[in-house]
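Asker: Can you build the whole structure from these sequences, using the hints too?
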Amino acid sequence: PLAKVAMEKVRPGETKIIPLREEQRFFQWMENIHDWCISRQLYWGHRIPVWYCDDCGEEICPEPNVDNVFKCPKCKSTNVHQDPDVLDTWFSSSLWPFSTLGWPNIEDPDYLRFFPTDTRETGYDILFFWVAREMMMSLELTEQVPYRFVYLHGLIRDEKGKKISKSMENIDQYDPLNIIKEFGADSLRYVLISNSVPGLDTNLDPKNIDVAHKYCNKIWQASRYVLSNINSEDKLLNVEDIDRNKLKFPDRWILSRLNSVIQQVQTHMDNYDYLQMTRELKSFFWGEFCDWYLEMTKLFLYDEDYSEKYVQKSILIHVLETFYRLLHPVMPFITEKLWQTIPKVTKNVPTIMYAKWPEVNEKYIESKLEESFLLMSDFVREIRRVKHDFEIPLKRLVPLQIETENKELFEICKNELVKMAFINEEKFIIEPKIDAPPQSARIVLGEIPAFIPLFGMIDIEKEKERISTSLEKVKEEKLKIEKKLKTPFSERAPEELVQRERKRLEELEIQIEQYEEQLKILE
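The end of the sequence shown is residue 858 by the working numbering, with every number in the run present.
One or more hints might be untrue.
Taking lysine to aspartate or glutamate pairs in the EDC-like style, the calculated list, with each CA pair at most 16 Å apart, reads [stated by the list, open to error]:
(1) LYS498 <-> ASP460
(2) LYS542 <-> GLU494
(3) LYS768 <-> GLU740
(4) LYS703 <-> GLU746
Distance windows between CB atoms, simulated [said to hold, decoys possible]:
(5) LEU430 <-> LEU512: 24 to 32 Å
(6) TRP364 <-> ARG827: 15 to 23 Å
(7) GLU349 <-> ASP605: 14 to 22 Å
(8) ARG448 <-> GLU366: 33 to 41 Å
(9) GLN675 <-> ILE373: 48 to 56 Å
(10) ASP638 <-> LEU854: 39 to 47 Å
(11) GLY380 <-> THR686: 36 to 44 Å
(12) GLU671 <-> LYS808: 51 to 59 Å
(13) ARG448 <-> PRO664: 19 to 27 Å
(14) HIS381 <-> PHE449: 17 to 25 Å
(15) PHE449 <-> GLU743: 54 to 62 Å
(16) ASP576 <-> ASN505: 32 to 40 Å
For the record, the hints were derived by calculation from the structure and aren't laboratory data. Just so we're clear, the structure is a prediction, and the values are computed from it rather than from any experiment. We put the beta carbon where it would ideally sit given N, CA and C, even for glycine.
Answerer: Here it is as structure tokens:
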């Protein structure tokens, strides 16, 4: 009967099990349940609270909270002894959700406030041993489910998927205390959370912990850069108090992206999708805030003629502070430390733990502006690639001709495109129809073609000779690897070496295509 009642609560979703597929395993256990022997012959544990009279054989079960029995209530004999067995560990564990909150005193303030609880987080391997028994005990003793959600995580294995045990080689590198000592607790937490998929095991690769440590360092260094550009005399404003007419294109973009990310992070957290949540945050911070917004703020912060630098400084602090709050559940230590160091422009609280969780402000979300920024950033990357391919100095100004009828798409970001890609503004043309100039590098993004005339920028003949020489060297290396893979090498050599050669072959094929394309441009 206990199992039946528990199943009746899970089926309609009063308690939800994540991932959903684990519900079927829950039902299989409960439908095939057997009697449970709750006594164990162990040295440690909760002693069974039953005494026996040595004279009359009476079984004595005292009132709750009575720790000892000295006399038999039936024959008054003092020759009594307690049952030597202990309770199965899962028996006492099954009482955890409510016994820790004051039960059986159901008027206890903690019980009234927190029970039923919200989420039980545990490994999928003890779904029956713990979760199912908590469900049955709670429904029997309190007539309520113990929690609304059950989140089942996987087990931690080594990088090859093997179970981690004390007898394995290099066990020290998987000891969390050793990992924390070398890389910090935040790095370990990030690796475990960012690789967590409900119900699936996680392979713990020490290399990934080092990557997470570098992410922590990136957060620290970016924060130092921001703080180094802010003086105690700076008048920082709450973003809400900044005149929107004073916001530059990059400012509007980063505020739009920040609020979009808040929205996405909240959705992922509501769905217990911590893998996507952490990826979203890292992609935003590293790929958008650091790689783009920080770089573009230099256009204004280092401009001596620009008098409204407080706008960018206020936004830098706002984005950082919001990012810290979003990341805090994953990396509590570095976010607390950095949060304590940045100036506060809103109501202050003593710790980030008391700070309000970020909320979306939809008035800042501008989807079309985000599209314009994405197009602008793609153009900057492509122009930099062309400069690299033809050995043109990065900061040398180049002409640019864009063919599009949607001129407004570029007008909003023209200033940033010119400065970030080092374009010759006098030779920057946007027209509905453009004839491709001779000896020009062609860029196509979406349906928008653009041209960078190379005549006069480089020594065409010398460049053709350089590219041709490089092309021949690459072709020779490719031919050698192809011959090597046709020999018994591919069968006898370790698989790792064979795969390395094949990967190199793919890289060479891409290089050949690039060199041939460059020669075609110069013809």
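Asker: Hint by hint, note whether the structure agrees.
Answerer: These are the hints, each one checked on the structure:
Pair hint LYS498 plus ASP460 holds up; C-alpha atoms about 13 Å apart against a cutoff of 16 Å. Using a Cα cut-off of 16 Å, the hinted pair LYS542 and GLU494 holds, with the two alpha carbons roughly 9 Å apart. Restraint check for LYS768 and GLU740: the C-alpha separation of about 8 Å stays at or below 16 Å, so the hint holds. Restraint check for LYS703 and GLU746: satisfied, since their Cα atoms lie roughly 13 Å apart, inside the 16 Å limit.
Separation of LEU430 from LEU512 is about 31 Å and conforms to the stated range, judged on CB atoms against 24 to 32 Å. Checked against the given bound of 15 to 23 Å, the beta carbons of TRP364 and ARG827, roughly 50 Å apart, lie outside it. Against the hinted window of 14 to 22 Å, the Cβ-Cβ separation of GLU349 and ASP605 comes to about 18 Å, which satisfies the hint. Remark: the range hint 33 to 41 Å for ARG448 to GLU366 is upheld by a beta-carbon distance near 35 Å.
For GLN675 and ILE373, the hinted distance range of 48 to 56 Å is satisfied, since their beta carbons lie about 50 Å from each other. The supplied range of 39 to 47 Å is met by ASP638 and LEU854, whose beta-carbon atoms lie about 41 Å from each other. Between GLY380 and THR686 the Cβ separation comes to about 39 Å, which falls inside the hinted range of 36 to 44 Å. Roughly 53 Å separates the CB atoms of GLU671 and LYS808, a value that falls within the hinted 51 to 59 Å.
Roughly 22 Å separates the CB atoms of ARG448 and PRO664, a value that falls within the hinted 19 to 27 Å. Between HIS381 and PHE449 the CB atoms are about 23 Å apart, so this pair conforms to the stated range of 17 to 25 Å. With their beta carbons about 55 Å apart, PHE449 and GLU743 fall inside the hinted range of 54 to 62 Å. Distance hint for ASP576 and ASN505: a CB-CB separation of about 55 Å, inconsistent with the stated range 32 to 40 Å.
In this structure, the hints that do not hold are numbers 6 and 16, in rising order.
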